[in-house]
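All chains, please: the whole structure from these sequences, using the hints.
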Amino acid sequence: MKEEKLKKIVERSEVKTDRYFVDKVMANIENDAIQPKKVKFWSPFQIAIGFVLVAIVSGFLVYNISTAFLLNGNIAIPLVWSIFLLLGLKHLLFVHRWKLYLKANR
Amino acid sequence: MVTRIKDKDTELVHRVRDGDTGAFRILVNLYKDKSLSLAVSIVRDEPLAEDILQDVFIKVYKNIKKFKFKSKFSTWLYRIVVNSCYNELKKQRPKVAIEASNILEQAVTKTRDKTLAYKDQQKYIQMAMAQLKTDEALVLRLFYLCEMSLKEIETISGYSVSKIRVDLHRGRKNMEKQLKLLLGEEINTLL
Chain A
0 MKEEKLKKIV ERSEVKTDRY FVDKVMANIE NDAIQPKKVK FWSPFQIAIG FVLVAIVSGF
60 LVYNISTAFL LNGNIAIPLV WSIFLLLGLK HLLFVHRWKL YLKANR
Chain B
0 MVTRIKDKDT ELVHRVRDGD TGAFRILVNL YKDKSLSLAV SIVRDEPLAE DILQDVFIKV
60 YKNIKKFKFK SKFSTWLYRI VVNSCYNELK KQRPKVAIEA SNILEQAVTK TRDKTLAYKD
120 QQKYIQMAMA QLKTDEALVL RLFYLCEMSL KEIETISGYS VSKIRVDLHR GRKNMEKQLK
180 LLLGEEINTL L
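So the sequence lines, in the order shown, correspond to chains A and B. So in numbering that gives the first Met the number 0, spot 72 of the first sequence is number 71, and the numbers just go up one at a time. So in numbering that gives the first Met the number 0, spot 179 of the second sequence is number 178, and the numbers just go up one at a time.
Hints were generated in silico from the structure; no laboratory data involved. All of these numbers come straight from a predicted model, not from anything done at the bench. By construction, the Cβ of each residue, glycine as well, lies at the ideal position given by its N, Cα and C atoms. Just to be clear, a hint being listed does not mean it is correct.
[As the list claims (entries may be wrong)] Taking lysine to aspartate or glutamate and the EDC-like style, the derived pairs with C-alpha atoms no more than 16 Å apart in a straight line are:
#: 1; chain 1: B; residue 1: Lys132; chain 2: B; residue 2: Glu184
#: 2; chain 1: A; residue 1: Lys23; chain 2: B; residue 2: Asp54
#: 3; chain 1: A; residue 1: Lys15; chain 2: B; residue 2: Asp50
#: 4; chain 1: A; residue 1: Lys15; chain 2: B; residue 2: Glu175
[Unchecked claim] Here are a few chain B residues that face chain A, going by a calculated C-beta distance under 10 Å:
#: 5; residue: Lys33
#: 6; residue: Ala38
#: 7; residue: Lys71
#: 8; residue: Leu88
#: 9; residue: Gln120
#: 10; residue: Met174
Laid out in structure tokens, this is it:
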């Protein structure tokens, strides 16, 4: 089959969209623009993973920083670490409270 | 001609970036049918392809500021279409395979007595195209319908140039074979 003929054949294989296709696309875009952006929260699983990671990383950092300045076995090491973890936990509880507040006011 | 289209696209993209939704409507109108043809080549299901395309155009509108003008707008768009279709295909594979196999059965049972009308010709051509392998149909449509160069097809599909050449060669042969199978001698009256 000649190249020209094949080109015409393939051109004729073009599939046409639904006549309202463009209107649907534009309506979807406008709806998307009107809707306020949803606040995305972490799932409980992601929070748990995050908390464990924070505990490990902060524990490592606090231990190394503390040993650089304090004697080994000093009470400040677990104390500073605990403060870090409690601050992290406080933040997560704050996020959770906001989540409940936004759900109730939706 | 190609430069003019490219310039027109560039101007439209700039207007869309400035918040002109009318310009985006023009872009959708320009590329909707070719994009749908590419999507159908991959997913082999027209309603599904249209749904994918709806999402693609919304995605394009949202991310148009990420378009860097390193390629033609059409190349960027078709690449998103192809990637979205392959992602969808991973979820839909079993269903699509069954639907594609039905097309030939329907086609072969049709009578071939009369000279084919334009619409019938188009239907048979689409049926023949549906019988080609995904890669072949995609490459044929990108090359002949979208008038993309081999390099651009490489960017859009992710295939190597040598594979594209092979797919083009096989696609041409198989297209002719399928049309002969569907139309018999009528193939000479085609076009």
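Going down the list of hints, with the structure as the test:
1. B/Lys132 with B/Glu184: 24 Å, violated
2. A/Lys23 with B/Asp54: 11 Å, holds
3. A/Lys15 with B/Asp50: 14 Å, holds
4. A/Lys15 with B/Glu175: 23 Å, violated
5. Lys33: 7 Å, holds
6. Ala38: This hint holds: B/Ala38 lies near chain A, its Cβ roughly 8 Å from the closest one there, short of 10 Å.
7. Lys71: 19 Å, violated
8. Leu88: With a minimum Cβ separation of about 17 Å from chain A (threshold 10 Å), the hint on B/Leu88 is violated.
9. Gln120: B/Gln120 check passes; min Cβ-Cβ to chain A is 7 Å, inside 10 Å.
10. Met174: B/Met174 check passes; min Cβ-Cβ to chain A is 7 Å, inside 10 Å.
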